[in-house]
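Model the full structure from these sequences, guided by the hints.
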Amino acid sequence: MLEVKISRLELSSPIILASGFLGISSSSMKRIINAGAGAVTSKSIGPKPRKGYKNPSIFEILPGTFINSVGLANPGIDEFINELNEMKIHNIPIIVSLFGETIDSYRKVALKAENAGACAVELNISCPHAEVSSIGINPDLTYSLVKKIKKALSIPIFVKLNPNVTSITEIAQAAERGGADAVVAINTLAAMVIDINTKRPILSHGSGGLSGKSIHPIAIKKVYDLYKVLKIPIIGCGGVSSYKDAIEFFLAGATAIQIGTALYQGIELITQINEDLNNYLKRMGYESITELTGVSHNFKLQEVPDF
Amino acid sequence: MLEVKISRLELSSPIILASGFLGISSSSMKRIINAGAGAVTSKSIGPKPRKGYKNPSIFEILPGTFINSVGLANPGIDEFINELNEMKIHNIPIIVSLFGETIDSYRKVALKAENAGACAVELNISCPHAEVSSIGINPDLTYSLVKKIKKALSIPIFVKLNPNVTSITEIAQAAERGGADAVVAINTLAAMVIDINTKRPILSHGSGGLSGKSIHPIAIKKVYDLYKVLKIPIIGCGGVSSYKDAIEFFLAGATAIQIGTALYQGIELITQINEDLNNYLKRMGYESITELTGVSHNFKLQEVPDF
Amino acid sequence: MIDSSIKTVEIKNIKEECKNIKTFTFNSERFEMKSNLQKPKPGQFVMIWVPGVDEVPMSISGVDDGNWKITVKNVGECTNKLHELEVGDYIGIKGPYGNYFSFPDNTSAKIILVAGGFGTAPLKFLAKEMLKNKYNFTLIQGARNQEDILFLEDLEQFDQNYSEMVFCTDDGSFGYEGFSTQQLEKIITKISIKEMKTTYVYTCGPEKMMYRVFEICEQFDIPLQASLERMMRCGCGLCGLCAIDPLGLLVCKDGPVFDSNQLRAMDDFGKFKRDFTGKKIPID
Amino acid sequence: MIDSSIKTVEIKNIKEECKNIKTFTFNSERFEMKSNLQKPKPGQFVMIWVPGVDEVPMSISGVDDGNWKITVKNVGECTNKLHELEVGDYIGIKGPYGNYFSFPDNTSAKIILVAGGFGTAPLKFLAKEMLKNKYNFTLIQGARNQEDILFLEDLEQFDQNYSEMVFCTDDGSFGYEGFSTQQLEKIITKISIKEMKTTYVYTCGPEKMMYRVFEICEQFDIPLQASLERMMRCGCGLCGLCAIDPLGLLVCKDGPVFDSNQLRAMDDFGKFKRDFTGKKIPID
Ligand SMILES: Cc1cc2nc3c(=O)[nH]c(=O)nc-3n(C[C@H](O)[C@H](O)[C@H](O)COP(=O)(O)OP(=O)(O)OC[C@H]3O[C@@H](n4cnc5c(N)ncnc54)[C@H](O)[C@@H]3O)c2cc1C
Ligand SMILES: Cc1cc2nc3c(=O)[nH]c(=O)nc-3n(C[C@H](O)[C@H](O)[C@H](O)COP(=O)(O)OP(=O)(O)OC[C@H]3O[C@@H](n4cnc5c(N)ncnc54)[C@H](O)[C@@H]3O)c2cc1C
Ligand SMILES: Cc1cc2nc3c(=O)[nH]c(=O)nc-3n(C[C@H](O)[C@H](O)[C@H](O)COP(=O)(O)O)c2cc1C
Ligand SMILES: Cc1cc2nc3c(=O)[nH]c(=O)nc-3n(C[C@H](O)[C@H](O)[C@H](O)COP(=O)(O)O)c2cc1C
Ligand code: FES
Ligand code: FES
Chain A
1 MLEVKISRLE LSSPIILASG FLGISSSSMK RIINAGAGAV TSKSIGPKPR KGYKNPSIFE
61 ILPGTFINSV GLANPGIDEF INELNEMKIH NIPIIVSLFG ETIDSYRKVA LKAENAGACA
121 VELNISCPHA EVSSIGINPD LTYSLVKKIK KALSIPIFVK LNPNVTSITE IAQAAERGGA
181 DAVVAINTLA AMVIDINTKR PILSHGSGGL SGKSIHPIAI KKVYDLYKVL KIPIIGCGGV
241 SSYKDAIEFF LAGATAIQIG TALYQGIELI TQINEDLNNY LKRMGYESIT ELTGVSHNFK
301 LQEVPDF
Chain B
1 MLEVKISRLE LSSPIILASG FLGISSSSMK RIINAGAGAV TSKSIGPKPR KGYKNPSIFE
61 ILPGTFINSV GLANPGIDEF INELNEMKIH NIPIIVSLFG ETIDSYRKVA LKAENAGACA
121 VELNISCPHA EVSSIGINPD LTYSLVKKIK KALSIPIFVK LNPNVTSITE IAQAAERGGA
181 DAVVAINTLA AMVIDINTKR PILSHGSGGL SGKSIHPIAI KKVYDLYKVL KIPIIGCGGV
241 SSYKDAIEFF LAGATAIQIG TALYQGIELI TQINEDLNNY LKRMGYESIT ELTGVSHNFK
301 LQEVPDF
Chain C
1 MIDSSIKTVE IKNIKEECKN IKTFTFNSER FEMKSNLQKP KPGQFVMIWV PGVDEVPMSI
61 SGVDDGNWKI TVKNVGECTN KLHELEVGDY IGIKGPYGNY FSFPDNTSAK IILVAGGFGT
121 APLKFLAKEM LKNKYNFTLI QGARNQEDIL FLEDLEQFDQ NYSEMVFCTD DGSFGYEGFS
181 TQQLEKIITK ISIKEMKTTY VYTCGPEKMM YRVFEICEQF DIPLQASLER MMRCGCGLCG
241 LCAIDPLGLL VCKDGPVFDS NQLRAMDDFG KFKRDFTGKK IPID
Chain D
1 MIDSSIKTVE IKNIKEECKN IKTFTFNSER FEMKSNLQKP KPGQFVMIWV PGVDEVPMSI
61 SGVDDGNWKI TVKNVGECTN KLHELEVGDY IGIKGPYGNY FSFPDNTSAK IILVAGGFGT
121 APLKFLAKEM LKNKYNFTLI QGARNQEDIL FLEDLEQFDQ NYSEMVFCTD DGSFGYEGFS
181 TQQLEKIITK ISIKEMKTTY VYTCGPEKMM YRVFEICEQF DIPLQASLER MMRCGCGLCG
241 LCAIDPLGLL VCKDGPVFDS NQLRAMDDFG KFKRDFTGKK IPID
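Chains A, B, C and D supply the protein sequences, listed in that same order.
Residue numbering for the first sequence is 1 to 307, as defined by the numbering used here.
Residue numbering for the second sequence is 1 to 307, as defined by the numbering used here.
Residue numbering for the third sequence is 1 to 284, as defined by the numbering used here.
Residue numbering for the fourth sequence is 1 to 284, as defined by the numbering used here.
Think of the hints as simulated: they come from the structure by calculation, not from any bench.
Computed cross-link-like contacts, DSSO-like style, restricted to lysine-lysine with a CA-CA straight-line distance of at most 27 angstroms:
| no. | chain 1 | residue 1 | chain 2 | residue 2 |
| --- | --- | --- | --- | --- |
| 1 | D | 81 | B | 300 |
| 2 | D | 279 | A | 48 |
| 3 | D | 273 | A | 48 |
| 4 | D | 22 | D | 128 |
Have a look at the derived ranges for each label pair, beta carbon to beta carbon:
| no. | chain 1 | residue 1 | chain 2 | residue 2 | range |
| --- | --- | --- | --- | --- | --- |
| 5 | A | 271 | C | 86 | 33 to 39 angstroms |
| 6 | D | 246 | C | 89 | 49 to 55 angstroms |
| 7 | A | 82 | D | 192 | 47 to 53 angstroms |
| 8 | C | 65 | A | 278 | 27 to 33 angstroms |
We put the beta carbon where it would ideally sit given N, CA and C, even for glycine.
What follows is the structure, encoded as structure tokens:
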């Protein structure tokens, strides 16, 4: 019941590990697959090793809501290929999230990932810390980047969208035109926490990205809006911590979902959500989770206020 | 210790009632002032009566986090003048939040508010439902609107900012250039909730604005960024539910704060926060809350990631 | 703190109380609220979402294990659609909200409940709780005619050692002819001066009726608790639509039940309410 | 569920344990956490934020009413700055995190704790709890020389009916000359075969030392619990930096305490860790 297809990618479960969570070692990612995920996304990988920002770089603000400024810490693609090779052996469906310093550097990293066995790449054009942070807020740059990568690769290309923009649909449509096979919505929301005793921002970088429960209703709205304008599939991401959150993404228009922050509860959560999704589908009389995609759009809303 | 000044407005407490909360009747607003608020902001008032969107239009999503799509329901400025007259008698410092269908209609409503005794107006350019929703996301329109109103009025003009934009500083700077006396940051974040049993969006309008606890760290980030570029004062708004949240706004760069959603706990919260603010200032050895404004900017952050 | 989220539940049972009034039962355990789901008390209300239509306040008319009841008069778009729903259909629930009727300290107090129309709903719930707690009371129910009398079956099963039922109809087709307020006066004038000191009146119904009850109670110096209605948007003290001048009391949060002191201080009581735009309009 | 927020607290007390090691006490009640602040157990750690510098994991070395202690060796930028702080300065706390040492079912079990360097911190805490629960144990502490011996005052006050302290130094300046692992072997070889069945070893210290302890325990088939260290970013199972191959066990969440079964399955144990980029590097 839970099988989904995103572009050419066939997954046994619609739950995908989001980028940045446990996605550095093949051993952790194997564990996530064993827990029932349909695929894993790697930590965003760049052209060279990077320590990112000093700690504190991840903490909780409200129950289930975190802020982070990891700053794209990653071992670099050349090192990461060791992990990819290991995963190839175990046949683990891995989407390599990646970024570059220039469009060409994106392309080089993507090619290495494809050659090492990635089943798809996810272009991180939404990292607020990278030099390329301007891409994800600019439709023209997004279009050019996606088009270049599309030409170079034969595996599917996902584009991870930045929610901190006036019009996410404009960026997504540019990605679609450039040849993206799917979009992932959303990355984190720019945020900050200041400690009132020391009077300083807590994150070493000052500001960071909000993830988890708080951003879920924002992500739902973005997916709903994207579904109205896109033809390519949408992968919902942001604040999934139960099957209900996942269903909401499907009803809004998603074809699959990613899960990240909620894994602080333990990776068994993935197993639980799969089970709960199955039960929901049975209770509601569906045969496949794909039937749910976009269903909320069938209902008429009040467009114009009453006077 | 708690006195603050925003432009020419002198307030006995930095806590201002946010627009949309209990701000239709003079009786409720009097109660808010008696609880210790420095000023109240009215519900956004337009040129004519408006019922807004049908219910459900306000509900809670997470503890202390609400979503709403009231749709600018208001009795119209001509009716609201009765309440303003009543407030004048009791000497209640009221900021009239307002909107119009055109720039000229904004101006007319603003003039009526000024004549009826408003101590300031707050331009709602961030209402996603109004016909003018395009203003708050466009620096040129923002500039023109503010400039027009500025010319017409002699009381201070606040501009309420929309956080759903790529660059809030750009809009704020346009408002400043137009002659705004202060900005209020932030209005709600676009969001949506879908019920998994009925499979439909719950709000009658479908999507709405997120307020309360979840948006606080986002609002802090916006105020922090605004403080770096603006000369006019910033009024922090979003998720204040304790003195800590208020202090955080001051440290980020605010001169006063607004409180809305947290009042579901009861308006005595305002009295409590005033008391807690006083205690904090004493404990930390400050003589005035104004000393806190922008203090977090004194600390150096890690700008560039480690490699 | 009250959870103000909207949870959808299936309607478990529907009972036609009279021509235009139905009682809906739903299971609140299905809300799956983690904690603070409190058992509602008489006088409290919930916001009822009829998907695709509207969301309106409804008093809780009964509670029984995890099952809550509301009793709804079909008066307009939303209640009309609600009346069309069937067992198994979903409605959304937000609440329970508001304060509740408070009981006299002494169970031997003389208690009179004055109910009109669907205002009988919270008073029936109150009466049940009073019985449980061994209070004596008289319930006066006024209606237009016999067909509009509510909960007759239920009320007849009340223990008559503790409760007395008085009915009156405008046309005299059931019980006394005339208004419930006339019956209230009749009863009060029969009370001894000593007893008068421990007499308490509770009322819910059309505001004009409640205002008359208030006048009678004031005349005899009897403490009153009245459950008011106002237009409600949020139900939880945020929107301000339900504010009553000049104190700004909120029906959804400070009420819906107000006592004599509060009622006395209300300029609006019996006279003004606000429409959905927030404009003050006269009560018809 | 653990609260992963960062709360700042004032340092209440600082004690110099030896040349390079200080114990910091802070009051955790000031966290003002609403609920789930659990009393930490021996083996658990906290993330300590030194404002303006860094945030690093530190084992809890003692708990006493609302006061928690950490014992910190000055080894680099963050710990150096921490050593410069004074009573009244603020540090941030996140946690407590991780699992903890589990006690044998039987209080008459033979227990040996093998501590090296600041790894003595959690084992002192464990020893204290064992005493409270009437377990008998031997604590072997290894150090470079006399000056590096930790908690001597504290340890001397332990009830000698239940505890035995064995010290050893590389240069023989205090206690036995040589490594703690040599003392462990010496003690184990003296244990009767019957007693061996109820012998349990706990260790914390440099990983190479712990690996040797593991080898010894494997040889004699004694169950071991070892508290490992890895580079940590989040402390709460999200970033994956502390994963140990090939099972992907997380030191911050599945550990830091691992038992013999888990240690046996670790290719990385004693050999590899990850640096802050996530790259695998050899353990020196
Ligand atoms: C605290 C409280 C408890 C109530 N308890 C009951 C009850 O137990 N049983 C019952 O049948 N009715 C009850 N009502 C009244 C009920 O809310 C209205 O009958 C219902 O809202 C009508 O909605 P409609 O769409 O069918 O009618 P409409 O045609 O929309 O309106 C008819 C009238 O209903 C009232 N109304 C409409 N919308 C609202 C609203 N959002 N808030 C308040 N009033 C509204 C107005 O007076 C309006 O003129 C209660 C109202 C309040 C405030
Ligand atoms: C579970 C656990 C418990 C610990 N308990 C204690 C204790 O009780 N007392 C004590 O003195 N030390 C303890 N440590 C080690 C302590 O975290 C490091 O000494 C400290 O991080 C050094 O930071 P620095 O900036 O001073 O040194 P740096 O110069 O930054 O680094 C020196 C070494 O410290 C380690 N280190 C640095 N940053 C981290 C990090 N974020 N996570 C893990 N290791 C890091 C690395 O091995 C590094 O090579 C513990 C570590 C872990 C993982
Ligand atoms: C600690 C952390 C690290 C992250 N790292 C990345 C990353 O490297 N690349 C990326 O595209 N997104 C990254 N994200 C964003 C997540 O992939 C995801 O978009 C976001 O957290 C929302 O999903 P969630 O609420 O399920 O966590 C990171 C998020 C967190 C909390
Ligand atoms: C029910 C509701 C109604 C609102 N109405 C208005 C409004 O009319 N005009 C306006 O500028 N902002 C309005 N807002 C936004 C608030 O003024 C405020 O910007 C936002 O709620 C964030 O503050 P808070 O978290 O303290 O509530 C409304 C918010 C809510 C929840
Ligand atoms: S209904 Fe909104 S304040 Fe009472
Ligand atoms: S430190 Fe992040 S997962 Fe263990």
